[in-house]
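Peer 1: Sequence:
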Amino acid sequence: MEHVRDAYTSVAGLYIDLFGAGDKVHADDLALIGRHLAGTPGPVLDLGCGPGHLTAHLRSLGVEAIGVDLVPEFIAHARATHPDGDYRVGSLTDVAFADGSVTGILAWYSLIHMPPPALDRVLASFGRLLAPGGRLVIGFFTGDVVGAFDHKVTTAYRWPPGELAARLSAAGFTEVERLLRAVDPAHRPHCAIAAVYGDRDSP
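For the sequence shown, our numbering gives the first residue as 1, with consecutive numbering after it.
Calculated from the structure, these hints are not laboratory results. Any given hint could be a false lead.
No more than 20 Å apart at the CA atoms, straight line, and that leaves these computed lysine to any residue pairs for SDA-like [to be verified]:
| no. | residue 1 | residue 2 |
| --- | --- | --- |
| 1 | LYS24 | PRO160 |
| 2 | LYS24 | ASP94 |
| 3 | LYS24 | VAL146 |
| 4 | LYS24 | ARG79 |
| 5 | LYS24 | GLY39 |
Distance windows between CB atoms, simulated [to be verified]:
| no. | residue 1 | residue 2 | range |
| --- | --- | --- | --- |
| 6 | ASP120 | ALA98 | 18 to 26 Å |
| 7 | PRO116 | ASP84 | 21 to 29 Å |
| 8 | SER91 | ASP144 | 24 to 32 Å |
| 9 | PRO132 | THR81 | 20 to 28 Å |
| 10 | ALA31 | ARG188 | 17 to 25 Å |
| 11 | ALA27 | ASP120 | 29 to 37 Å |
| 12 | PRO116 | SER91 | 15 to 23 Å |
| 13 | GLY34 | ALA80 | 20 to 28 Å |
| 14 | ASP84 | HIS26 | 22 to 30 Å |
| 15 | VAL25 | PRO116 | 24 to 32 Å |
| 16 | THR174 | ASP28 | 33 to 41 Å |
| 17 | ARG121 | GLU177 | 23 to 31 Å |
| 18 | GLU2 | PHE149 | 28 to 36 Å |
Beta carbons: idealized from backbone N, C-alpha and C, even for Gly.
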């Protein structure tokens, strides 16, 4: 993931200006995140937290949210902007938390640069981190087939929602909600999926 870190480091200031606040996130997306991650009884990881705005949003809902990102500039901004938060430099492919120790994971566009052959391994690692019944919310770009496109920062990948849902199922997750964003000329097609790991009835 070093090339992803370096690419975002090179545009960190611009990215923070464009996307680094909760009011830049669509209200429907904030509502979905809140429905599935608010009220969780333990730590929730915001993996690929960027400038930390969604971590802060979760904390405002009473969630024990921890932001993790590869880019030191993002973490420095998050700590300065949200000094009561918990932000750490780290990789979503090597998360320094014990197995079964978290109750939720937010991966909001943080998997879009993951090459498709690596996705199953990352989803399996999410499952190991989560306690049974833990929640996962993923935001991603959609398309008719899995494929790369020229993202403004570095190469990213589109996923058909059904294909990503199948990958989640193979990793032990059960989809509980799907949100498709209406397509308009100014935005790429978008989807978010909320899923439960293992026994969905577990506390």
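Peer 1: Look at each hint and say if it fits the structure.
Peer 2: Verification of the supplied hints:
1. LYS24 to PRO160: The hint is violated at about 25 Å.
2. LYS24 to ASP94: violated, 28 Å
3. LYS24 to VAL146: violated, 27 Å
4. LYS24 to ARG79: Since the Cα atoms of LYS24 and ARG79 sit roughly 19 Å apart, the hinted pair holds (cutoff 20 Å).
5. LYS24 to GLY39: Answer violated: LYS24 to GLY39 is near 23 Å, above 20 Å.
6. ASP120 to ALA98: 18 to 26 Å: holds, 22 Å
7. PRO116 to ASP84: 21 to 29 Å: violated, 38 Å
8. SER91 to ASP144: 24 to 32 Å: Hint holds: Cβ distance 30 Å, inside 24 to 32 Å.
9. PRO132 to THR81: 20 to 28 Å: violated, 34 Å
10. ALA31 to ARG188: 17 to 25 Å: holds, 21 Å
11. ALA27 to ASP120: 29 to 37 Å: holds, 32 Å
12. PRO116 to SER91: 15 to 23 Å: holds, 18 Å
13. GLY34 to ALA80: 20 to 28 Å: Holds - the Cβ-Cβ distance for GLY34 and ALA80, about 25 Å, lies within 20 to 28 Å.
14. ASP84 to HIS26: 22 to 30 Å: holds, 25 Å
15. VAL25 to PRO116: 24 to 32 Å: holds, 26 Å
16. THR174 to ASP28: 33 to 41 Å: violated, 22 Å
17. ARG121 to GLU177: 23 to 31 Å: Holds - the Cβ-Cβ distance for ARG121 and GLU177, about 25 Å, lies within 23 to 31 Å.
18. GLU2 to PHE149: 28 to 36 Å: Distance hint for GLU2, PHE149 is violated at roughly 21 Å.
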